[in-house]
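Peer 1: Residue numbers (UniProt numbering), protein chains in the order written: chain F, 1 to 253; chain A, 1 to 262.
Careful: at least some of the hints might be erroneous.
What the hints assert, rightly or not - Sample of chain F residues at the chain A side, in silico, Cβ under 8 Å:
| # | residue |
| --- | --- |
| 1 | Ile151 |
| 2 | Ala157 |
| 3 | Thr161 |
| 4 | Leu168 |
| 5 | Phe228 |
| 6 | Leu232 |
| 7 | Ala236 |
| 8 | Ala248 |
By construction, these hints were calculated from the structure, which means they are not laboratory data. All residues carry an ideal CB built from backbone N, CA and C; glycine is no exception.
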Amino acid sequence: MDFKKILTPILSIIAFLAIWEFIVWANGWPNYVMASPSDLPAAYMRYWNLFLIDSWQTLWRTVAGLAISIVFGTFLGMVMGFSRTARDALYPLLVGFNAVPKATVVPVLALLFIGAHDFNTVLMAFMISFFPIAVSVGIGLSTLEPEYRDILGALGASKFTIFRKIALPKTLPEFFGALKVSVTLAFIGTNLVEIISPHGKGLGALFLSGQTNGDYPLMFAVLIALAFLGILLYYAVVALEKIFAGWAERQPG
Amino acid sequence: MENLIDIRGVTHAYQTKHGPLPVLDHLDIRVPQGEFCAVVGPSGCGKSTLTRLVAGLMKPDQGEVWLHGEKVTSPRKTVGMAFQNPVMLEWRSIIENVMLPLEIVAPGMAKSEKVARAEHLLEMVGLKGFETKRPSELSGGMRQRASLCRAIVHKPDVLIMDEPFGALDNFTREDLWQTMRDLRAAEPFTAVLITHDLRESVFLGDQVIVLSGRPAHTQYVLDVDLPKDRTIDVLYEPKAVDMLHLLRDQIRIAQGRDEEMH
């Protein structure tokens, strides 16, 4: 069972690479039009130290941005979940903020905090990813059935105790659902800054240098590395979910 | 005997978009210590409001609720509640669910004592061996049994139940009635049971209070003059059947008043 669980995705990835290789080969595309998977190992071997350094850059800034998202998003969700007035006041602002294409914010940030590249990147990863967390925590709290409050409320428990013992754990499955979306968004935010802002760091900057030098296999190698990091982050969240909200998973059958 | 629960002239209305909606109108209920009071009435007549008032979760517009000779103004640690939804916390095991009120009411109590108390109650309701199971692994009836244990684990004076057996099938419901009867014999609480089921009210109640249609006042009080250790069979005896007929008629009257309102 477990063996099958690991083998199936590996086989699907191999199939994907094989189809990609075949399409490039069948069309006879040279690697300056479309690189094929067989071009990639050479790119990784040639630039392995850059890949390691830049992956780390991308990774830590994404995680830092996401961490701020979790704290801020949860706080905002709590405020919106407990107060109708706060919800009415904040929702349009939040939706508007979320609707602004973040690519347009990059130059604004770059001007505001000139040269603070790490700071800008973390800030963007945060700004792009807190929305789902805030909304899901807010909805989770505001839709808590009154009985759940009453079982402790009838004993005179404080609002905070009810939050800690009931509302918070009950919201965890929704929270992790949102976190799975947010982790990908934070990752996109990090890369956005890395690619758009000049003299960037991280995998995005490596992609840009591949583009500048017309090194197509390098660009594709970066894309694959990004996909790999994205998968890594996503499954890190899944692992956390298993630990903290594993109870929500129903046994099949 | 002292009236443990004393509801005096309680009047309450909810504020809605279409103006105030009166739900309780000079309601009077008195329950002596240790007695079991079943409350029946037409749908939407304010029965659930009554439970929240007795629990101190709401304040009435007019009138007073007294428990144990003290006026209720806020929630008290000596109240237990059970609802139609067993409200099991899925992230806790059954025994951890049962111990929950003790964490609020008796934070200093030794863990081993809490466990012993919860295990004792679970055994009484027939859930021995299910302590470490998750709520989702239990049937609806079993979850409701655990919910009853949780409602009385901290030895409350007053147990307030809002249709706790309403969502169960008939056979499970009758099993639960007997469990309730046994719990009552073993634990010293005074109970208020809101129900739609007249047979349930007669089987469990020492008195049955019929509420009128909305806004509800006390329309009729029936003293259930049956032996304490009742079995389900008692419901088929002429005395109980007469009571059921009488209650049925009272409900019809209550519903009639409700129709006039609309």
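Peer 1: Of the numbered hints stated earlier in the document, which are not met by this structure?
Peer 2: 4, 5, 6, 7
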